[in-house]
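Trainee: Listed here are the chains, written in short residue letters.
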Amino acid sequence: MNIFQELRQQYTEIDNLFGVKEFNASVRGYNRKEESWRRKRFLNDHAYFLFLFTRIEDYIRDVSSRLIINKQRTLTKWSVKRAWDIFPKEKNSQRLHFMERVALLTSKGGSDFNLVKRYYDLRNTIAHGGSFSAPVDIPAVISDMERLHKILKPK
Amino acid sequence: MEAAETITKEHLINRIEDWKQRIGDLYNKVKEWLPQNAGYGIRFEKTISMYEELMEKYHIDPVALDTADILKDGQIVLTIKPYGLWLIGANGRLDLLNKKGVNYLVDLSEKFQAPNWMLVEPSKKIEKIPFSKSELMKIIGNQG
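As they're listed, the protein sequences go chains A and B.
Counting in our numbering, the first sequence runs from 1 upward without gaps.
Counting in our numbering, the second sequence runs from 156 upward without gaps.
Rather than coming from a laboratory, the hints here were simulated on the basis of the structure.
Treat the hints loosely; a few may be bogus.
[To be verified] Derived lysine-lysine pairs resembling DSSO-like cross-links, with alpha carbons at most 27 Å apart:
(1) B:Lys212 <-> A:Lys21
(2) A:Lys40 <-> B:Lys288
(3) B:Lys283 <-> A:Lys33
(4) A:Lys150 <-> B:Lys201
[Unchecked claim] If the Cβ cut is set under 8 Å, some of the chain B residues that face chain A in the computed set are:
(5) Tyr182
(6) Lys184
(7) Gly256
(8) Ile295
[To be verified] Sample of chain B residues lacking proximity to chain A, with all beta carbon distances greater than 10 Å (derived):
(9) Val185
(10) Lys201
(11) Glu208
(12) Gln230
(13) Thr234
(14) Lys236
(15) Ala245
(16) Asp250
(17) Asn253
(18) Ser264
(19) Glu265
(20) Asn271
Glycine residues also receive a C-beta, built at the ideal position from the N, C-alpha and C atoms.
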């Protein structure tokens, strides 16, 4: 079971658990409790999103770094190699912007690039203490992250 | 989500109105699907507040959205609640809650198009199934 499948299973368990509590509070007419469980589900979505994003971010950093190292080692023609030599080898280097790393793995401006960009922007909105009012559809996020993990390769 | 160039306050207000309309139409459809003379009913007694990030950013006041309770012999067996409109990859989502857990109903239509409601079964491998009378009755019937 990969990390995304594991997270999907765990998220489903938690969201169902909170959802049942929200439903039961609603049936009993406990409006404040119902709202409180709804809020917990919402914040749990944000927490899961941030965690999921760290997984795909780490993967993209790792794969892009391996691609750079491979190009720097294997290319011999200087006119081609010189561009690659500028890039940092280290996966955690901040000299290469995260979205530039994505552009090394998929066509810049293409649908997958734009999808990562939307998730990256959402991650920044949530992680930098901005709005907590952005809804996040975690089942869809998990599906997208799992697919991106499969297709973003150092070709 | 919205492309930056299309965002104006008026556009966002139109999106919210469209969302309210789609939710209302869905509730009407659910009401039609409930078997007649079998003890089922639907009621709209509660609302939830919609106040998403773009509304905050463009100074749009929170909006009250209806939730729907499906009843069987006077007992709530399913609650339908709007979850959010501006989602990545969907044109809104509602949550279906019962005593077994949550199902997600996402609209995969494009902006201002006829809705394409798909049910997501969270326990399986995130499969999407067209939302229909039979799927609704499966969820209502799944009360353990």
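Trainee: Each hint should be assessed against the structure and marked as holding or not.
Mentor: Okay, the hints, checked on the actual structure:
1. B:Lys212 <-> A:Lys21: It is violated: about 32 Å lies between the C-alpha atoms, which goes past 27 Å.
2. A:Lys40 <-> B:Lys288: Not OK: Lys40 of chain A and Lys288 of chain B at ~30 Å, beyond 27 Å, violated.
3. B:Lys283 <-> A:Lys33: violated, 31 Å
4. A:Lys150 <-> B:Lys201: violated, 43 Å
5. Tyr182: Violated, about 16 Å.
6. Lys184: Where the cut-off is 8 Å and the nearest Cβ of chain A is about 21 Å from Lys184 of chain B, the hint is violated.
7. Gly256: holds, 3 Å
8. Ile295: violated, 13 Å
9. Val185: holds, 17 Å
10. Lys201: violated, 8 Å
11. Glu208: violated, 4 Å
12. Gln230: violated, 8 Å
13. Thr234: violated, 5 Å
14. Lys236: violated, 8 Å
15. Ala245: Non-interface label fails for Ala245 of chain B: nearest chain A Cβ at 6 Å, not farther than 10 Å.
16. Asp250: Violated: least Cβ distance 7 Å, not greater than 10 Å.
17. Asn253: violated, 6 Å
18. Ser264: holds, 15 Å
19. Glu265: holds, 15 Å
20. Asn271: holds, 14 Å
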